[in-house]
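Engineer: So the chains spell out like this:
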Amino acid sequence: MQVTDPTISIRAEPSPLDASLCKFTVNRVVHPGGPFLFENKEAADGSPLAEALFRVPGVAAVLISDNVVSVTKDSQTSWLQLMKPIGAAIRNQLTSGVPAILQMRPSPATAHSDDELKKIAQDLLDREINPSVASHGGKISVVGVKNGDLFIAMSGGCQGCAASQLTLRQGVEVMVRRVLPQIREVIDSTDHSAGTQPFYPRET
Amino acid sequence: MSQELGVPFLGAIPLHADVVTSGDEGRPIVASKPESPVAQAYRAIAGHLRAQLDAAHRTVLRPFIWHWDTDEGTPGWHEWAVGASEAKTTPVGFTKRDPRTLSVLWQDGRRDDVDVRDLRLACACAMCVEEMSGRKTLDPNSIRKDVSPRTLSSIGNYAIAVTWNDGHTSGIYSFDHLRQLGERSRSQAAYQV
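These protein sequences, in sequence, are chains A and B.
If you want the numbering used here, it's the position in the first sequence, counting the first as 1, plus 2.
Take the second sequence: its position 87, counted from the start at 1, is 75 in the numbering used here, and no numbers get skipped.
The hints are simulated quantities; they were obtained by calculation from the structure and are not laboratory data.
A virtual CB, placed ideally from N, CA and C, is assigned to each residue, including glycine.
Do not take every clue at face value.
[To be verified] Derived DEER-like restraints, expressed as beta-carbon distance ranges:
#, chain 1, residue 1, chain 2, residue 2, range
1, A, Asp7, B, Ser(-10), 56 to 62 Å
2, B, Arg50, A, Glu118, 52 to 58 Å
3, B, Tyr146, A, Gly139, 50 to 56 Å
4, B, Gly144, A, Ala45, 40 to 46 Å
5, B, Arg98, A, Asn29, 19 to 25 Å
6, B, Arg123, A, Gln172, 46 to 52 Å
7, B, Ser91, A, Ser137, 22 to 28 Å
8, B, Gly144, A, Gln172, 32 to 38 Å
9, B, Asp96, A, Asn29, 41 to 47 Å
[Claimed, not checked] Taking lysine-lysine pairs in the PhoX-like style, the calculated list, with each CA pair at most 25 Å apart, reads:
#, chain 1, residue 1, chain 2, residue 2
10, A, Lys43, A, Lys86
11, B, Lys133, B, Lys84
12, B, Lys133, A, Lys86
13, A, Lys86, A, Lys120
14, A, Lys148, A, Lys121
15, B, Lys133, A, Lys43
[Claimed, not checked] What the simulated footprint calls covered on chain A by chain B, stretch by stretch (three residues with Cβ under 8 Å from a Cβ of chain B suffice, anywhere in the stretch; the number is not a length):
#, stretch
16, 12 to 25
17, 33 to 46
18, 66 to 78
19, 183 to 191
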C-alpha cells in the first residue's frame, strides 16, 4: 500500500547532446554519498531503486548522485514512454523508507553461527537501513537469530503502520538476503497491534 | 558635466592650496595629510571607482580554481552584478546546482543549467573536435556515464578550463561557447514527472 507524497517533486531533463540520457532531479536526497553507477541489471542486484528502474523496459544504465538520478535508455524506447514509470519508481522508493542503494557486499558464504549472523544483520540495519527508516520516524532492530532465522522488530513510525509490512518484505528482506544469503527466514516479531515489541522465538 | 558625458559622478575635490603644494613636492596629500578633508575626498573617489570597477563585468568574478566535489574555491554567485550591463557572455556566477549540474548566471540575468556530462560532450578541444573541419569526433557512448569535473578554473576573462575524472584535461570553454551550450540546454524541454 503506497501513499503518494505530494511534497516530492521530480523534474526530468533529457540531455540536449545525448539522446539516450535523461536526468531526474528530485527535491530531496535520493541516496546520500555516491555517485553510484549501475551499468547493468546485475550491478543493481540488492539496490532497490536501481532494481526498480531496471524493471522499467528500456532502461540501460542508472547513475544516482545525491538528489539526481541520471538514466540511460536503449534506442528503441522514447523518453515520453519512460518518464512516468521512472518518476513513479523514484517516488515509490522515497515513500517506502527503504534505502535506495545497498552498499554492503555479500558476506562470505562460509557457515556462520547465529551470533555472527546477528552481528552482520545488526551492522546492515545500523549502517544502511535505519538511517533511511529513521527519516520516516521508524527503527528496525534485530531481536535475534535462531537456527538461521532472523527475527526483527519495528518501532516508532513503522509499528502498526500498514505499509510497514510491505516495507519489510520488499526492501529490508531483499537487502538482508543479499548480504546474508545464509539467513533462512526473516520474521517480523513486532506486534503491530500493540505498543510493545514482543519477541516470540519459534519452537525448535 | 558628468551627466552631459553620461559617466558616473565619482566625487568632488575641494580647491585647496595644500593639494597644489603637496603635488609639487611629490608627496600626495593622502599621504602627507591623510586626515584632511581633501584627502578624505580623494579616498572617497577611490572607493567609488573601486565599486564601479567591481560592478563592471571584468572583475565580478575573481580568478578561481574550483574543486567540484568539495566546492572549495567556488567562484560565487553574484546576483547583485546582474543588470550592470547587458553582456550575454559575461558570467557573474557559477554554482553547483547538484552533483550533476553546473549553473551559470550571466550578467544579462539569464541562468543556465548545464549537465556536467553534456559539458564534457561539448568539449571543443583539438582532441574532441577535428581541427580542420570542426567535425565532432566525440561519440557520446565513449564518455562515462559518471563523468564529472575535478576542477573548473578561470582562464583570463574569457573562458573556463575543466579537468575531468576521465583524465581529460585539455578542455577550455569560452564564455561564448558556454552560453551557446546553455541556450541548447534551455531550449530542451523539461518535464515534471
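Engineer: Sort out whether Lys120 of chain A lies within 25 Å of Lys86 of chain A, counting only the CA atoms.
Structural biologist: With Cα atoms ~40 Å apart, Lys86 of chain A and Lys120 of chain A exceed 25 Å; violated.
Engineer: Taking 25 Å as the top limit, are the C-alpha atoms of Lys133 of chain B and Lys84 of chain B close enough?
Structural biologist: holds (18 Å)
Engineer: Starting from the range 32 to 38 Å, see whether the pair Gly144 of chain B and Gln172 of chain A falls in it by beta-carbon distance.
Structural biologist: Taking Cβ atoms as reference, Gly144 of chain B and Gln172 of chain A lie about 55 Å apart, which means the hint is violated.
Engineer: Is the Cα-Cα distance between Lys43 of chain A and Lys86 of chain A 25 Å or less?
Structural biologist: Between Lys43 of chain A and Lys86 of chain A the Cα gap is close to 20 Å, so the pair holds against 25 Å.
Engineer: Is Lys148 of chain A close enough to Lys121 of chain A, meaning Cα to Cα at most 25 Å?
Structural biologist: holds (13 Å)
Engineer: Could you tell me whether the CB distance from Ser91 of chain B to Ser137 of chain A stays inside 22 to 28 Å?
Structural biologist: holds (27 Å)
Engineer: Just to be sure I understand the hint, the distance between the Cβ atoms of Tyr146 of chain B and Gly139 of chain A should be within 50 to 56 Å; is that true here?
Structural biologist: Hint holds: Cβ distance 52 Å, inside 50 to 56 Å.
Engineer: Count the residues of the stretch 66 to 78 of chain A whose Cβ falls closer than 8 Å to any Cβ of chain B, and tell me whether that reaches three.
Structural biologist: This one holds; 6 residues, not fewer than the three required, reach chain B with a Cβ under 8 Å.
Engineer: Using the Cβ atoms, figure out if Asp96 of chain B sits within 41 to 47 Å of Asn29 of chain A.
Structural biologist: violated (28 Å)
Engineer: Given the hint of 40 to 46 Å, check if Gly144 of chain B and Ala45 of chain A actually sit that far apart at their C-beta atoms.
Structural biologist: holds (43 Å)
Engineer: Under a C-beta cut-off of less than 8 Å, do 3 or more residues of the stretch 12 to 25 of chain A approach chain B closely enough to confirm the stated coverage?
Structural biologist: holds (count 12)
Engineer: Holds or violated: Lys133 of chain B and Lys86 of chain A, Cα atoms, limit 25 Å.
Structural biologist: Since the Cα atoms of Lys133 of chain B and Lys86 of chain A sit roughly 22 Å apart, the hinted pair holds (cutoff 25 Å).
Checked against the numbered hints given earlier, the structure breaks hints 8, 9, 13 and 19 and satisfies all the rest.
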